[in-house]
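Asks: These are the residues of each chain, in order.
Number of protein chains: 2
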Amino acid sequence: MTDSAKAGTTGAVADPAAASASATGDGPTDPTGTPRRDLSAILRPRSVAVIGASDRAGTIGAEITRNLVLQGFRGPVFPVRPNSRSVQSILAYGDVREIPGPVDLAIVVVRKELVRSVVEACAEKGVRGVVVITAGFKETGPEGLAEERELAAICRAHGMALVGPNCLGVVTTDPDTRLDATFAPTFPPAGNVAVASQSGALGVAMLDYARELNIGVSDFVSMGNKADVSGNDLIAWWADDPRTRVILLYLESFGNPQRFASLAREVARHKPIVAVKSGRSRRGNLAASSHTGSLAGAEVAVEALVEETGIIRVDTVEELFDMAAFLAHQPVPRGRRVGILTNAGGPGILATDAAEAWGLQVPDLPDSLRRELATFLPAAASLRNPVDMIASATPDDFRRATTLMLGCDELDAVIVLFVPPIITNPAEVGEAIAAAAAGSDKPVISCFMGRHGVPEGLTTLQAAHIPSYAFPESAVRVLARAARYGEHQRRDPGTVPDLPDLDLAAACRIIDQAPEGWLGTARVGELLDALGIHGPGGGVARSAGEAAELARALGFPVVLKLVSDTISHKSDVGGVKVDLRNETDVFEAWEQIRAALAERGRAEAMQGVLVQPMVSGGVECLVGVSRDPVYGPLLAFGLGGVHVELLKDVRFRIPPLTDRAAAELVRSVAGFPLLDGYRGAPKADVAALEQLLIRVGALAAACPELVEMDLNPVIALPVGKGVVAVDARVRVAHPASPPRAT
Amino acid sequence: MTDSAKAGTTGAVADPAAASASATGDGPTDPTGTPRRDLSAILRPRSVAVIGASDRAGTIGAEITRNLVLQGFRGPVFPVRPNSRSVQSILAYGDVREIPGPVDLAIVVVRKELVRSVVEACAEKGVRGVVVITAGFKETGPEGLAEERELAAICRAHGMALVGPNCLGVVTTDPDTRLDATFAPTFPPAGNVAVASQSGALGVAMLDYARELNIGVSDFVSMGNKADVSGNDLIAWWADDPRTRVILLYLESFGNPQRFASLAREVARHKPIVAVKSGRSRRGNLAASSHTGSLAGAEVAVEALVEETGIIRVDTVEELFDMAAFLAHQPVPRGRRVGILTNAGGPGILATDAAEAWGLQVPDLPDSLRRELATFLPAAASLRNPVDMIASATPDDFRRATTLMLGCDELDAVIVLFVPPIITNPAEVGEAIAAAAAGSDKPVISCFMGRHGVPEGLTTLQAAHIPSYAFPESAVRVLARAARYGEHQRRDPGTVPDLPDLDLAAACRIIDQAPEGWLGTARVGELLDALGIHGPGGGVARSAGEAAELARALGFPVVLKLVSDTISHKSDVGGVKVDLRNETDVFEAWEQIRAALAERGRAEAMQGVLVQPMVSGGVECLVGVSRDPVYGPLLAFGLGGVHVELLKDVRFRIPPLTDRAAAELVRSVAGFPLLDGYRGAPKADVAALEQLLIRVGALAAACPELVEMDLNPVIALPVGKGVVAVDARVRVAHPASPPRAT
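Just so you know, the protein sequences line up as chains A and B, in that order.
Using the numbering used here, read the first sequence as starting at 1 and increasing by one per residue.
Using the numbering used here, read the second sequence as starting at 1 and increasing by one per residue.
One chain only, chain A, in its complex shape:
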């Protein structure tokens, strides 16, 4: 408490240039070119006021004041508490406006009724950032939400960044700042892992894990209700923060998924973003929305977002920190080939099982390497991968074997497993592994089994920044996720190509000008034309005779489909007749459609029929667009029939699609071999299918008024023959009537 107490006597001066840049938006931009929020007042303040500071132990106001001083904040702490001369031996002020000199950051812990006036006082004082700990806003209902919005508006009007309300506070371990403005009992060790949590409770747990596992933290922000500063703002800030190498997120909702997608995609190319996104189940969503008032997240959209951006999604907070322990210091592996080194068979098998399950490769070792290992390992050792040195392995054996495996061109990473036998000293084994790893640019990850051996061995490993886990499976899972992340980093994202016959402006015009609801048959045809998507051809007939004539002209067999502006699900009313082989068939089909409608009392709905040549051969596919109220448009692809409906073999992407994304999407369904010449069938025109996906994706991205689109079936013909959209349904909604969730 000495340094900070001394520092506390000198006032901090905010940089007026930085403040004005933040206010006018002329400041730095994030990796997507959007102006970056200046969070320096929150994360690098030079003076802090605690409004609602207290002497009474066990209150939040007391805990925060105590933490600020105890952890040695490098500027003055100003307690604000009416009618108190001092708080925790520091001169107290009755009002933030009475504080002499500038205040960068105000921590607000007053009763909810007082928050608004306190924030207004901060604005008047010229405070640059506010963290509102107080709860009772959005999470309590519509009234609280309105009050929260007012708070955010006041802050925005005065250029103050606002974290919270309803949060645990913020931390930075930056040695020039050292801020612990939380009421959590733990201050984390300093390091390069930035942490943001949407749950205060999990924030407390996360600070504990960081301390327990000795994972160094750069900054920590409990985001609370995210009235102003969002996860996106934090990602953009940490993207440029030289102290931060890894970004960890616990999220219950995405504020702005579109911005998250573009931002995370750019940032993840250079800095890993690891996230737990909870609320993935239907019921969990309910709980999430009751908790934070956020809209329900669609799990499918989140998965697409993850695939798209290259963020590392994990399932649990435990896995979040497992990942951080690795990424904080180890290089990302350049491939999936892993060498496993062990002094006991069982753990080696467990690691190998897990490696195969997680998509890592455990290749045979080259003969030259096996020969070198054989020079010092006993005859009973197993030299295939995993290398089992058996229980007699010495620290020196670990060092030599690790060095040799790291030097092997056919391995991208090494996992070292150690079970302490009675003789070998875990600490010495730790030193040996660290020594071997020191010279390598490949990752080394370890597992010291048996808890009694862990602490001793870990100390050495931690000093060398080699992560160690209690179970082989955890080590493997971490490495597999890092390898997948590395592939994403290296992957060419592709480009959205310019396609011939794609008139996006015309397509959007058709949607914009269409009435609300399902698009009529003719309009659908025009839309597909504008997109450069081929239908089966054919034309509309207004009578049975016209239909027969058209059919003869097209050539048999043909298909008849009801034309009606008022009926969209044609097959549900018996409005589709296929495989009509002659004129008699056509006359009969017309009559059946008419009779079916008449039976429903909808005879007048029949405006005619579409006569199309019957497409035969090829593989049936489905291409769809839906629009989630939170996540925006999603493009779906699957094979037709039972593949999508029964077997759920369908995949999603966020449009627009690059050439690369389209190619991946087609190949990502389990049924893809059916398109690829399965059992001697001709290969389908996958290139044309990819083009169709890109065309539909371009429209979905460009035209928010398109809320639903189904091309079903799309027939993928053999190579060179293209694809045919046999049937299409399109639904339009205009902004005045917000789109329903689909």
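By construction, these hints were calculated from the structure, which means they are not laboratory data.
Hints may contain errors.
What the hints assert, rightly or not - Computed footprint of chain A on chain B, listed as stretches where at least three residues anywhere in the stretch have a Cβ under 8 Å from a Cβ of chain A:
hint : stretch
1    : 197-207
2    : 342-355
3    : 469-479
4    : 673-681
To be verified - Straight-line alpha carbon distances no greater than 27 Å define the calculated DSSO-like cross-link-like pairs of lysine-lysine that follow:
hint : chain 1 : residue 1 : chain 2 : residue 2
5    : A       : 648       : B       : 683
6    : B       : 570       : A       : 683
7    : A       : 683       : A       : 721
Quantities reported herein were computed from a predicted structural model and do not represent experimental measurements.
Ideal placement from N, C-alpha and C gives every residue a C-beta, glycine not left out.
Add chain B to chain A, keeping to what the hints say.
Replies: Below, chain B without anything else, positioned relative to chain A:
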């Protein structure tokens, strides 16, 4: 060391009656009626010799002697070491035969070269059980395997039970025995969890985890190479052991899977068996077999075994102990409906997500319960499930809410999540939960988030035997597995019904009398007849004219299939022609088959054709039998075509099938709705399909010489019309030539 040292001066007397019962096999039986191995010499010895005992710290002989004395073995310990007056201050003997009085158990830690003579000396002395720690046997190759078999033969000839070789030793916490005959550094707390490990290294780790997590162990056995005492012997012993409530296994191989299946099925109905079976990946199998010399385990067979027996299979050693912590004291839940109680939103969401992912239900709470909760919880609390009492929840709130939720008829279990806020005392919350749980017969499971809060809270919970986990997901996973186990316990296993037209003796006779290899067409027909399985009918024609005549008699369309004793894959040689609509088609088809064979130079292989009516409509299925060299016969079921080949939608069972198992098998494939009237199609005759599975299963179980059988396709016709096995292939192998792996 006081008690045991004193006890060490009195000799132990083995019970001659028990010994003779064991030798003659007149003793107790296991739950399947097989004589149960008497393991009392291993796990309840009254005197122990350590052959190879040592004074030199760090040697195995010293560690074991020390552990025996330190942990207070309740009988005399006799060190055996030539030319030493004493070992660790205990009178030493030069040879086991020199020890005065009976020796129940000998621990052998001598050099490998001496093991055989030492074991012979033990036999001569009348020792009843031997644990061979020494390594260098089966795991080193064929020579070691031969030596190991000799050891086992010596032991068997003298009625000595043998554990090992190549193992860590054995432990019992029985207060009348207190045996620590291992060189592991940790003695576990006493309790009701029995542990067997096939890996010594993981055994060390497991004893550590037990101590660390305070999970009480009854007995621990490191099985090593399992030359004599197997996992099955241990399961049978623990099934009758009143001190054991839960059985934990770490397995790399099943010695005798058939016995394991019948034994585990019986035992698991009363005592949970939790197992990690490693070596599940192809590569992991390689490592497992290099390690223990065991045969590769077929993952598919293991899955079927697990499904069949109701053992709880977990993925990691961590999960093994997570399960044990629950099962050791909590009741198995009576259903899947779980109430979640929390004082923080985030963990509640995580738990809910995990619950849905693991197949638990998180139902809405009844209004009456919500009203009762509302009487003492604040307005901001969320009363739907999860119940979020928010951070202000007091210990008394935890007690009242837990009590109310446990009392709710619509919940089967309660998960309590606690994040320590600054004011509430975790220990008091622990006491409150324990108090609420005390009066209930439903399970309570908890998660105290944030490591700093855990130890304090845990002490209280541990005293009350309420398991607590560091992460909500772990608690959910444990509860979900327990619920599934409960369902298995309660499930009616069904019976293998007597079916009409099933002449198993005749079917087996056909197989027994058949020559090695693929069964000829006529024989296959007879076999199906004996099983009461309908083929499509039809007959064999020796000429094109005969074929046409037969076809006319059967009615068109028909199918022609090559008849040949030398060609089994008829379709591969163009030997199958379908949808022949008239006599001309039949003549042409005959000619095409003939020409295709001639082209291959195999014209003489054509003995005629099978002419069958073409079966139309119905749903194509596949029924198969394969025989794994280790696991024995497996029955496979799936839908035809891409469902099995591409989408891997196929499931396996171990024959014979009960009516219940057949019904489950049909319904376990993802494509089942296609049999159940999908999209208005007629429902298939599922009852007939189940009968067919039972018939095939009966043959597979009764007739080991049937090594492969494929009914593909089996057409399931609409309800009441039965099923037709359109094509069948059967392969026979006689014992002289062991069946190949299929």
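Asks: All hints, please: hold or fail.
Replies: Now the hints, each set against the structure:
no.: 1; hint: 197-207; verdict: holds (count 8)
no.: 2; hint: 342-355; verdict: holds (count 11)
no.: 3; hint: 469-479; verdict: holds (count 3)
no.: 4; hint: 673-681; verdict: holds (count 3)
no.: 5; hint: 648/A / 683/B; verdict: holds (21 Å)
no.: 6; hint: 570/B / 683/A; verdict: holds (26 Å)
no.: 7; hint: 683/A / 721/A; verdict: holds (11 Å)
Checked against the numbered hints given earlier, the structure satisfies every one of them.
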